[in-house]
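There are 2 protein chains.
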Amino acid sequence: VDFKVTVLGSGAALPTQKRNATAQFVECVGRSILIDCAEGTQYRLRELGIKIQKIQHILISHLHGDHYFGLVGLISTMHLLGRDKGLTIYGPTLLEKIIKLQLEAGGNQLAFDITFIPIDGNSNKLIFEDAKIEIHTFPLKHRIPTNGYLIKEKKKELHLNPEALQKDQIPKAYFNLLKRGVDPVLDSGQKINHKKYTLPASPARSYAFCSDTKKNLDLIPMLSNVDLLYHEATFKEQHKDRAKATYHSTAKQAAEIAKAAEVKKLLLGHFSARYPNEETHLKEAKSIFEEVLIAEDSQTYMI
Amino acid sequence: VDFKVTVLGSGAALPTQKRNATAQFVECVGRSILIDCAEGTQYRLRELGIKIQKIQHILISHLHGDHYFGLVGLISTMHLLGRDKGLTIYGPTLLEKIIKLQLEAGGNQLAFDITFIPIDGNSNKLIFEDAKIEIHTFPLKHRIPTNGYLIKEKKKELHLNPEALQKDQIPKAYFNLLKRGVDPVLDSGQKINHKKYTLPASPARSYAFCSDTKKNLDLIPMLSNVDLLYHEATFKEQHKDRAKATYHSTAKQAAEIAKAAEVKKLLLGHFSARYPNEETHLKEAKSIFEEVLIAEDSQTYMI
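Protein sequence lines, in the order shown, are assigned to chains A and B. Read left to right, the first sequence gives residues 1 to 303 (this note's numbering). Read left to right, the second sequence gives residues 1 to 303 (this note's numbering).
Hints listed in this document are in silico derivations from the structure and should not be mistaken for laboratory results. Hints may be right or wrong, so weigh each one.
Where chains are identical, the list cannot tell them apart; a pair therefore holds if satisfied intra-copy or between any two copies.
For lysine-lysine, the following BS3-like pairs were computed, each having C-alpha atoms within a straight-line distance of at most 30 Å [said to hold, decoys possible]:
1) 154 / 132
2) 244 / 100
3) 141 / 283
4) 51 / 4
Based on the provided sequences and hints, a complete structural model is requested.
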C-alpha cells in the first residue's frame, strides 16, 4: 500500500512561476494528510486531480504566511463542495483564532466540524495514531515557534511462513498470534516458537518534514533512519550568514543532518526565489550525502 | 490617458479552472486600484505582468472569502519585494483586525504603512479624491454588509479654441480661467465670455462595481450614465429563486439595472461554477439591454 509525498509547493516565502510556497500532500497507507497550505494550494490540488475531501489531517508548521495563507480558502472550498466529514488541524494555538475570525466574518456556518489541536513547537509529542500510522511532532528552530512532523507506519506484523505452517499442521486459529510475535500454546499443550513459522515483517516506513529551521542537531534522534527526510535548504553555502540570520538552512547543512541521522533519502526544498536554479544546492548537498533530491512542484516521491 | 479594467477573476465563490474568484485591477488616468482580492490574485497579477507595487488603493467589497482571501498574501509579497510606499485599504471594519492578526502572528514588521479606511456598506460616500479622480462607495444588498464602488474622473477642463483666441488676441494669462469656465475681465476692463473661446470638455469617464448584490433599484441614481457597469450575474433566470435566497442577481436582473440607470455598457461576472458556459446569461441579459459583455479572466476592458 502506497506511502508517498506530492510536493505542491517547493519555494520559499516569495512565490515564483516555477515554485509555489510550501504545501505537501502525503498519502500514507490510505490516510490523507496535508502538510502546510500556502496560498493557492487548493488550485494545485485541483490541477493534480487530488480530491480535497479525502484530506483527514492538516499539519501546519508555523504561522509565516507562506505556510498557511491558503488554509482558510481550502476550508471554504471544502464547505462549498458539501463536506460533512470532520477535519483535524494541527498547528500553532493562534491558528484557530485566525481561521475562526475569518469564517465568522463571512457569516457562514460550516457544515462539518474542525478540531484544532494546538502545537507550539516546544516538545516531541505523538499527536495522532490509529491502527496503521502514527504522527509525531517535534520542535524546529525558526524565528517563531515552528513544528516539524514525522509520519510513520506502525511496526508491522510478521509474515507467515506457509510451508512451515503446513508441514507441522498448525491450525489457522493461531496465525494471528504468530503474526504478532506471540508463542502460542496449542490444544495439545505444546508451546510453539513463532520464529519457526514466520518471516520478518516488512519494514515500517517513515517520512519527516523539517521546514523552516536552522541547522539543529537536536533533531537527529527523531530523524534517525527515516526513509525520506524533507529538509529546507533555503540557501546555498555562499549565503550561509543569511541562513543563520534568518533561522534557515543551507543545502549543505541539511545534508549534514541527513547524514548524521542516517536517513535513507533526503529531499530538499524551500528554495529562495533569488536563485535561478538549484544546481549548486544539489552539488553542495551531495558533497556530504549522496542520496539527495531537489523537490519540484507537482512531483510525487515514493517512500 | 487610459481608464481600463482588467478582470483578474470573474467566478463566484467556488473557483474553477476557467474562472478564479473576484478581483479586478483598475487603471484610471495613472492611478492604480485593486478591487477585491480573491486567493491567488497575486499570481494572476504576476502572470499578466502587472506590477503589484504600483497599486495605491485596494477596495474590498465584503468579507466573503472569495473577495479577499488573497489580500494578506499580496501584502506579504509587497513587503518581501521591498515596498516602502504606503497603501490604503478600504473595506469592512473587521478587515483591519483580520489582516493585522495574521501579520502579527508571523512576527514580521511591514516596511510600509497601511491605512485602513472602514466602510461598512451603509451609505453613499466619497472616500477618495485627488486632482483627477474620485472614488465613491455605496451600499449593496447582500447577506453581509457589502460595498459597491464607483471610480470616476473629475469633471474635466474645457478645451481652448485656438482660432477664436488668436483672432481676438486674448493673452495667455487668461487661458486657465477660460478652461475652468470663468469669464475673466481683461486689463482693458472688458469682460469676455468663456464660451466664445472654448470647446466642450472631454467627458469624464466612470466605472461602477457591484458584486455581490441582489437586484437593488436604490442603486440606479448612483449608477446613472456610467460608462461601464460591472454587475454580478451569479445565476440564470432558471435559478432566480436561488438568486433571491442567496442575495445574488440573475443576468437579466443585472441588465434591468443597467437599462434603468442608462449606463453605456454592462459587464457581467461572478458566475456560479454550476454553469459550463454563460451563453444563456448573455442571451437573457441581451433581451433587456443590448450593450452587454461576459467578463473573462485576464481580459482588459477599456472605459
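Output the numbers, in ascending order, of every earlier hint that fails for this structure. none
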